[in-house]
Every structure is written in C-alpha cells, then in structure tokens.
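Trainee: Quick note on UniProt numbering: the sequence shown kicks off at 1 and runs consecutively.
Since the hints were derived computationally from the structure, they do not count as laboratory data.
Treat the hints with care, as some may be off.
[Stated by the list, open to error] Listed next, the in silico DSSO-like pairs over lysine-lysine satisfying Cα-Cα at most 27 Å (straight line): (1) 24 x 78; (2) 6 x 24; (3) 78 x 6; (4) 93 x 78; (5) 93 x 24.
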Amino acid sequence: MVILGKLPNLRILRLLQDSYIGSKMVCSADGFPQLEILELNGLEELEDWRVEETAMPTLRGLHIERNLRLRMIPEGLKFVNTLRELTLSLMRKTFVNGLQAIEMVVEQLDDAVSGY
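Please put together the full structure from these sequences, using the hints given.
Mentor: Structure representation (structure tokens):
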C-alpha cells in the first residue's frame, strides 16, 4: 500500500479479490492525498487494517464487502472527517458489531447525513 498511497492523483481505488495478498494493511500518514472512494472486496487474507492520522484526507466513500477475516474497521478512520458514506456487505457479525467501538466514525456519518 505504500506505493499506491504515494500516487498523488489517485481518486478511486478498488481492491478486489486477490488484488491484495496479506494479513495486514496500513494506510500511512499523508498517504492517498486525493483518494475519494475506497473499495475493499473479497480480500481473503486481510485481518488487520490500520489507518494512520492524516491518511486519506479526502475520502468520501468506503465500501467493505466479503472480507471475512477482517476483525474491525480501523480506529484511525475517526481522523477522516470527509467520510460521508460507509457501506458494509457480507461481513461477519462480529465485524459489524465492532462498529460500536468506533462511535466517532458513526457519529461523523450521522452528522453528514443530518446536514442535508
């Protein structure tokens, strides 16, 4: 992810089945400066995902689907104040229940919706 994160004009990133092999993924500080949409779909090995502060400062939409080993949504997303849409599909119940642990992200999304 380090190389992708340095691409200055990357706006949409879709990581689909077998496009990322590894159990850990890190979105580093100052990485993905123009990314607006991120989709993680069918990354079978992914267990831990970390988002560092100042990563993805323009992210508006996050779509997570069929990542059955992913334990929880990164706490670092609370620093992404541009996030307006979070879509979860075909995820384990424990992952979805873990969203309560990051209330800040959910509150942030609620504020964005109520502002319309």
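Trainee: If you test the structure against every hint from before, which numbers come out violated?
Mentor: The structure breaks none of the hints.
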